[in-house]
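Visitor: Dock chain B against chain A, hints included.
The listed protein sequences derive, respectively, from chains A and B. Residues 778 to 1128 in the working numbering are what the first sequence lists, from first letter to last. Residues 3 to 437 in the working numbering are what the second sequence lists, from first letter to last.
Rather than coming from a laboratory, the hints here were simulated on the basis of the structure. Every residue, glycine too, gets a C-beta built ideally from N, C-alpha and C.
The calculated label-pair distances, taken between Cβ atoms and stated as ranges, are: (1) B:Lys158 to A:Phe1112: 46 to 54 Å; (2) B:Pro360 to A:Pro1019: 50 to 58 Å; (3) A:Ala815 to B:Ser28: 49 to 57 Å; (4) B:Gly380 to A:Ser965: 46 to 54 Å.
Covered stretches of chain B (chain A as the covering partner; in silico rule of three or more C-beta atoms under 8 Å from a C-beta of chain A): (5) 334-346; (6) 379-386; (7) 416-430.
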Amino acid sequence: MFKKTNKWTDYQPPYRPAPEPARCLTRTQLFALAVPAAFAVYRFGLPALQLMAAAAVTALVTERIAIKFSHERSFGTTAHSIMMGLLLSFTLPAFCPWYLAVLGTVLAIAVGKHLFGGMGHYLWHPALVGRISLHLLFGRQLSAPTESLASDMAGTAAPLEALRNFENLKITENVPQLSQYLLENLPSLEDCLWGRIPGGIGEICACVLILLTLFWLYRGYVHWHLPAFFILSAYITAALCPIVTDLPELERHVIPWPILAENLQTGLTYINYHILLGGMLLGAGILGTDMTSRPVTRRGQAIFALFAGCLTIIFRLYTTVALPCFTAILIMNTFRPLIDRFTRPPSKYTR
Amino acid sequence: MGFLTSKADRDFARGIYLQPFGSAPSLDTIEETPWPETLYLPLTVYGHAPMEILVREGQDVSAHTLLARGGTGRYLWAPCAGKVGVTTTACVQGQLHQPVLGLQTQPDHQEAGFIESGAVSVTPEMAEHDKVWQALERAGILLCHNGEPLAALLKKLEKQNITTVVANATPIEPTLNTPLALLRQYFEHVFAGLAILKKWLGASEAIMAYPLNFPIDIDSADRWEVRCVPVSEKYPQGRHTSVLHTLRRQGNLRKKRRHSMTPVVFDIQLLLEVEQCIMAGRPVIYRVVTIAGDGVKKPGHFPAPIGLALPELLSRAEMYEDAQCVADGSSMNGIAVDPSRTVIAPTSHIFTVSRTVPRRQPQSCIRCGWCIDDCPAGIDPARLIHLAENNQYEKARRAGLDRCVECGICSYLCPSGLNIMGNIRMMKQKLSSMI
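Same shape as in the complex, but just chain A (with noise of 0.2 Å):
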């Protein structure tokens, strides 16, 4: 009656089988990067498709290769390192050298992940340390096109230094024009939703990215705190932080609070460009979400997220900080573990 291999007490409960292994998951998430993926070869064509191309296959090599040296047994970790690669991609411009995304991919996967204990132990995710490190390395040449591309190929920054230098802002009457600035200076809102500006090839379409967050929040992966708190930080920082221009006729602090500025709708409009343009999608829903590098408690990751939304705005407006969104994320990974300390239970700050 009884004919099997194993002795019966092998087993460890539970004995059903599980609803969704590592495996699975991180090719899951893979999968689903297809979208925007698709996305910026649909607008940018061969180059963005060299790019990935390059990034993912480094990965995966690399991968391969820190495998063999380290004891870390992980079943997900291919998938999650090509992840890692397509992610390190979609924050370039499209006219980054295939080598760059190679070298930063090598880096990423590398040094950022491995060398710090693989899945489940690094501290800051390898995607923004491999896109950091290029731009540490390589910054003209990621920021500034050759003449001869198309303007739609510009840098990363083009529409977001905008924002950041109100150098054009007229001031009529000692009251700054910021409506006039956004029209003249910046491209409409509907085209920063459907991803008809320039900058890296997969953090410009929003609406791609925000449906790749709900389909995140579907899975399982990332509970609703992390994005809805980011965002939301960044939204009322933006709404409160003053302006200031260097203007040297005029007082220091042009605009004090911008929500106020003409009247509600440009306040409105000025914060939507805060979180349409430059990685703040990406970084909120894809990037601050990566599950190693995040608080592992819904209020730790509200915490997390809270503080990340408002440096991304501080370093957009007061700094000259080259990547606001990934530098305010990468520096929220580094408090992870004191964020993890004061909210895992049971700490004594938690019930």
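Guide: Then chain B, alone, in the frame of chain A:
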């Protein structure tokens, strides 16, 4: 999607929805098992001191003869007439090499079934406090989660001011629905048992917590003055502490947790045993055992005499030949047993047979946080398994090891397949053996 669930489901904050593992046994059939040739009656459960045997080997005994006795409330009765055999060892309640007393059965044809149903009412003699306690003590009724005698628990509760008595009819898993089958067919007996205990403890209220979509007989409950409260079917609602938590959140119990006001929870099979003991004078000789899972063709509820060897029930449930694992308990937190050496104990009630046990290999935690989100006890299973791997048991105790209820949700959800509950059990055993 919390806002799309029913109110009863939201009342149970943590816990998860479990898909049925295999098909659910029918609630309408509880088939009697024919008497086997030999019974192996367990002399101890859950590692308590073995009972002292009062009969000789080779002695002929009739049904309901006292065969062994231990401390307060531990009695072993002969389920049917037979000849006493030798003392051997068997696996009882997941623990190996427990002493069992053999009995070669010679059943008479007048043996009653597992329930003696008659007119059910609480007569004035039943209200006599001491007589009821003595009857319950001699019957040898044990609590199925820790093997303690019911009589000892009642003595302890007598000193406390118990105001509410709760009966938990929620099955631990969708397919292990023994309480529902018993409630469907023997509801009068169950309510009578609850009324007996309520009267004995001097409680003012009796609550029957049943799963949301079960058709319960409200009129009968009203006659017995039992309040029926629907609760969610989420796992692990079948545990006593979880159902108390839900009732508190619903406002059916007082929120303040003063020790003297703690309500007491009983499960349905215990109430049935209490009622049979008081009304019909029957000691504990049968247990209704549910065999379910995807490893059996015909899952069902089987009233088995204590000491029945498990293979008999497995063949009646038509276990598949390629079944991988038989677990004493649910598919989430049972203990894998060797069925050819296992017997039915006075505290057994569920067995899960599995064909699709996942193979788990040690991997690293990916810090997804799913275990922490759904842990009913509100502790951190990922941290506990990390401490277990580094053998830091005292730190684990400070991290909330004792609050773990061993439901198995963390191990079930873990994408890396970490054996969190097994490690927690190991740490608890090590700590208790170190004291």
